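Protein chains in written order, with my numbering: chain H, 1 to 325; chain C, 1001 to 1532.
Worth flagging that the hints you see were computed from the coordinates, not collected in a lab.
Here the structure is a predicted model, which is why all the values come from computation and not from measurement.
Among the hints, erroneous ones may be present.
What the hints assert, rightly or not - Going by beta-carbon spacing under 8 Å, a handful of chain H positions derived as facing chain C: (1) Pro95; (2) Leu148; (3) Asp264.
Don't be surprised by glycine CBs; every beta carbon is placed ideally from N, CA and C.
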Amino acid sequence: MGKYIVKRVIMLIPVIIGVSLLIFIMLDLAPGTVLDQIANDYTPEQLAALEHELGYDRSVFYRYGMYMWDLLHGDLGTSYIYKAEVWDLYMQRLPATLLLAGASVLVSIVLSIPLGILAATKHGSLTDNASMVAALLGLSMPNFWLGLMLIIVFSLNLGWLPSSGFKDGFRSLILPAITIGTGLMATLTRTTRSSMLDVIRSDYLRTARAKGVPEKTVIRKHALKNAMIPIITVIGTQMGRTLGGSVVTENVFSWPGVGRLTIDAVKQRDTIMVTGCIIMSVIMISLIQLLVDITYAFVDPRLKSQYASGGGKRKLARAAGGGQT
Amino acid sequence: MKRMKRSLSFLLAMLMLLSLAACGGKKDPAPPDDNGTSQPGPQDPLQSTVVQGTEADSYRKHIDIALTQQITTLDPGLVSNVQHYYLFNMVYNTLLFYDNSTKELSGELAETFAWADDTYTKIHITLRPDVVFHSGAPLTAEDVAFSLDRTTSTLVTNTYDHADVIDEHTLDIVLSQPNVDFMYVLSHNSSAIVSKASVEADPDLGGAVGTGPWVIDMKNYVAGDSVALVRNDAYWGEKPKTESITLRLISNASSRLIALQNKEVSLMTSVNPTEVSSAKSSPDITVHDYATAQMYYFAFNNTSGPAADDLKLRQAVAYAIDREELYLATGDTGASPATSFWGWHMQYYFDDFDLDLGYDPEKAKELVDQLDNKTLHLMVNTGSSDYRIMSQVIQEQCRRVGLEIVIDEVDSAGATANSKYASATHEAMLYSINMNDWDSDMGRLLSVGSNTNKAVLNNERITELLGLGVSTTDEAQRAAYYQEIQTLVHDNCFYIPLYYTSDTTAYETGASGMHLSYSRDHDYSYICIPEA
């Protein structure tokens, strides 16, 4: 297991190099540089000095090299716009993002798994159809619309919850988490349903039922546990996505997350800030994926032995993709 | 199938219930409040307003204010735009104070100020002796010289040369060329005074130490999101009644208004035009409508491209544009059409031109018929919905007269880069500017080399007139110079002024002490709300 974790961490290195190079090149190709944002008023002499200081009088690869050298020394750089360390700015926003991502995925789990199980166990019934429509509705409603509706109902009309910001702690979290969670619901509900349907039809469950095991126990102990691998995979992917920031929802709720920080940096051509944010997101997403892989082993003991035998990665990928081992 | 229909009907019913709940109001409408604060409705556009309130035994300790755009820096030496001025007005002082209601200058950090002679190149300043920075260090002439030396705004750098420090509290500010308006510049946020010692100790954040009535609470500062301020109890002037204020970014206009209605914030600017009536119907909210000093305009590239040597093309566009249709399309019902490329609030505004270039599609058609090139590329910054809407309306208006406008969409950074004076590539663009009160400020838009000169204008006579305008205090002469500039710009259609915008500030009824200005750089230093 330890070897596997080390391998996964090493795999991060080419990803970071590739992603950061891509960002540097793409922002270099876009019209305008950060100098246009911070030095529009500068005299030609001031501008030339600043260009030299920031490396804009050299090629994009030189600037990239400078950045990577600093990164090797653990320095994510200093934002041109905010004049502050990227690490500090990112860390200032990370708690809000982690909280929102965690809470959104939790909302999604709480809504989707029971709904998916219900749909699978009542396959083809009104409940099944209603569950699927509800899940699709969650996906179809644009976040900015749902967010505003929730704000109008629960903040403005009922006065129960704050409409913006992060200062009311848990209460501030509820509406944005529901907004994002509802959007995530569709995929998870459908995955839960299809995975459960695969398992429910299997022979060992039929045997269990024939032996007189109560239906609740069959579903909870035997079916759900075996259907969990694809569900965990989807949860991990959703967690990773929300960690990257949910710009629309963050805007509607004025949530001080990393999504808004990253998008603002892109608009201002703050290459160092964008690259820093994306690298941090890559690391966070990779960690989440690693955590998901490790969780497989706890859910399915057969996988644990595969990790131990060293051939885990290939089999694990098969398991995660197909839902069967 | 039947089951499917039933489930669908059930879900639709639930959705309708949610929408109905969202549309329903919580409270019954209450009669209009009569507490003596300023009433909703348009104010005299020529005046700024200090919102008056009633005296109370105690005031709310903390107030939240919603911002429309992010504050990216705390340092007044680095950035110059309206959004940052809210903060700068509260945290920093300038040497002089300009009251745009009375149009008079008075000393702020300067105890005395005067031109050294009638060459208008040197200002003699004596500082107040009792001023200390938020760090506790006393204000000295060295700090003033240091602050003016480091500021990057062209408002200052175009004319400022250096400062001669005479003693601890006395200095001479020396200009590189005569500028009778430079005292106004010294009252502008670009000339805010920061602590030299603090900047030298911490170049990144030292610029956040000022002498104003509010101190930045660095522990609760979230860059790009919110700035927490605490009252400066050692302030040399009148102390605010409120103990702390947070300036919070709420970029979505609807969310901003809901936050105000929900009492999460006490003041907001830029109410969405479609929501103004909703804000006005709430008894807990007072709405202040006003005409602003911001003008939208159409700028031709007058150095290269099809419009540079084609007066007929420029005039055809001017005749084709129906300004009223334009600002109504953006939802700005309080806007007013602009005729002269000048601020309506400026002293030497002039629009009595012999040549009428107002909306006249027939004249536009006549001119278009004479053109060889009937296509013009218009660069549009997609960061603003107003620009997007206006460009589409202009495209349609020009199409009606046979002129093809091709819209080139770029983001804000792209628009800035493509329209820089030295390397401008646009044929025409839409832009807006918030003009200061003093007439020579128009130099930013007309001077050779200025990046705010979006017309890439290089007109010798205008350059000469701009120089003459700041060299004399003779009002008749200045009026003549500035009128000639306005006529030249108008008749040659270097720029087409479109309209002056209006804006809306909304605040909790009962709030007072705010200085609301047509220049939009409102000062919230003395905002207070009586305890309920």
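Taking each numbered hint in turn, which are not upheld by the structure, reported in ascending numerical order?
-> 1
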